[in-house]
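Just need the whole structure built from these sequences, with the hints factored in.
Which chain is which? The protein sequence lines are L and R, in order. Under this note's numbering, the letters of the first sequence match residues 294 to 577, in that order. Under this note's numbering, the letters of the second sequence match residues 16 to 329, in that order.
I should point out that these hints are in silico values taken from the structure, not numbers from a laboratory. Hints are supplied without guarantee of correctness; some may be wrong.
Chain R regions said to be covered by chain L (calculated; three or more residues, Cβ under 8 Å) [unchecked claim]: (1) 107-113; (2) 180-188; (3) 191-198; (4) 248-262.
Listed next, the stretches of chain R that the computed footprint assigns to chain L, with coverage defined by at least 3 CB atoms under 8 Å from CB atoms of chain L [stated by the list, open to error]: (5) 61-68; (6) 78-92; (7) 124-135; (8) 239-245; (9) 296-305.
Just so it is clear, CB atoms sit at the ideal spot from N, CA and C, and this is done for glycine as well.
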Amino acid sequence: MAGERRLGRVIAYIILVTWTFVVGIPTYWLIITAFKRPEAINRGATYFPWVDFQPSLLAFYDVFVLQGLANSRPFVNSVVVALATATISTIIGGAGGYALARFPFRVGPLNNDRIAFGFLIQRMFPPAVLLIPFLILFRTLRLLDTREGLVLVYCAFSIPFVVWMMRDFFRSLPVEIEESALIDGCNRLGVLFRIAIPLSAPGFVTAFVLVMIGSWNEFLFALTFMFNKAVTLPLYLTLQTSIQAGTEYWNMAVIAIFSILPVAVAGLLLERYITRGLTFGAVK
Amino acid sequence: MQQNSTAKQPMAESHKKRPSQGIPDVIFKWILILPATIAVIALLIFPFMFTLAASFTDWHLFNLNAPINFIGFKMWASVLTSSYIHTTTWNTIFFVGLALPLEFLLGMTVALALNAATFGRTFFRVFFLMPLMFNPIAVVFLIGKLMLQEDIGPINDVLMGLGFPRIMWLSDPSMAKITIVLVDVWQHTAFMILMFLAGLQSLPQEPFEAAVVDGATAVQRFRFISLPLLGPVALTAVLIRGLDAFKVVDIIYSLTGGGPGQATESVTLTVFRTGVKGGDIAFGSAASYLLLILMAVFTALVLFATRKWVRVSY
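Right under this line is the structure:
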């Protein structure tokens, strides 16, 4: 029995260490590439700083000083679009989620569960189906290549997700606190702002961060509708690697790192909270 | 009057006595839900219908003066018989068919290991989640363009050092199909790990203790307890990840651009090429609905194949 358990644990750690290498080596490679000089890349694979190549800050100097102005725009675009999308869809979606969690709805055959499922199912549809109507809409409303347009599309995708997530979250809070506040003379708005929202702060943070990550990383709509002044980081990264005949791997590595860093840090810090959102509440 | 109408609401029954002021519940609930509903109807449901309608026309964006006619199923017929669409449909199915089982098996293996681990579990869990946070284009860059670079990438360097021939990860059409799967697996196995770990940790302990008392081996406990109880989680994971994989476009666009030739082009990329860049609204619309049908068939097949083991409750 004890032998079997020990064997199982050894196998488990072999698997874990292997997967650590699978995830870790490419990440390590990205980081060291940012510190390589062009010669250290073009002459073939080099593995360890100070052993087979001399690390340098040349790429960081290039990206932040020499091309700082050009590089800052997609970064600012990504920040603005992600934060605006997350703010708007958390407010609108949170309100919808609260309504579905606390009030009975009946519209024909639709009850609360069906309405909530109707919101969830939106998430499954392919964005390809929306490309063409949004193209027409953007041309008509002159939203092409604007951050406002991108925020509009991302909100459309995020709101149903937030409604579904926040409904789930509000339902896990005891309704009795809100009821006693009503009896004590608090009105509905007071209950919402003084009790429901403070109690559900972790839920809102989770929704906010997940929407932020999603819109920060989105590619297809950015590619379709943005081409110059409203380009976001993932699109910028693609344009940079495909335009240049000889890719400047060192500079691209720096940009890639900074396209990952903000959301990766936010995501990993809130890892416990966002797991439930990522699994669509399928696992409680 | 307003207070009376509030009191008639079923939810408000318990607070009849309260000195209710402000907005009545029946209005309040609609104010809360209306913005989200309007957004979904205007920005998702209406566009979906729009695309469906457009797929029955001959609408072409570059024929500015030509009137738009409804031509019934003609555009559908030309989409369904187009060898271009056949190629990209099979590419998409191949991609899902290879990526999904790989991610499923790797994810379950790693999650089982994580569940058995004691020391360093939090570190491994957080570390393994990391790729899921990366944007797909950065993943393409670090896996596809750095690690798998054919001339100066470390993987070819190591393989050739071990005496293998140089692998043409991107320039060989049949290899490129596999390379995009590898990029996807590197990123999205994290999702499967997350799902299975959460599933494993929510399993009740009693059946395992009983099985140990009865002398069941670890393999038997996994086969006859964990696996059946994990059914619902596995089904959800397969549906979410599978449907997501059908939509693949970002990694393909930025890694191979659909090439070499059309060896890696997915249906979504075809919709982008024909409907957006090519201006062929009708063709692109029909192609995008073909993808939707494909995903519906996938969902139906998965639910049908698992109906005996798993009951979904939504």
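Do the hints match the structure? See the list:
1. 107-113: With 0 residues in contact (Cβ-Cβ under 8 Å with chain L), the coverage given for the stretch 107-113 of chain R is violated.
2. 180-188: Answer violated; 0 residues pass the 8 Å Cβ test.
3. 191-198: violated (count 0)
4. 248-262: holds (count 7)
5. 61-68: Result for this restraint: holds, n = 5.
6. 78-92: Violated - the stretch 78-92 of chain R has 0 residues with a Cβ nearer than 8 Å to chain L, which falls short of three.
7. 124-135: holds (count 9)
8. 239-245: violated (count 0)
9. 296-305: With 6 residues closer than 8 Å to chain L, the stretch 296-305 of chain R meets the three-residue bar; holds.
Going through the hint list in order, the structure does not satisfy hints 1, 2, 3, 6 and 8.
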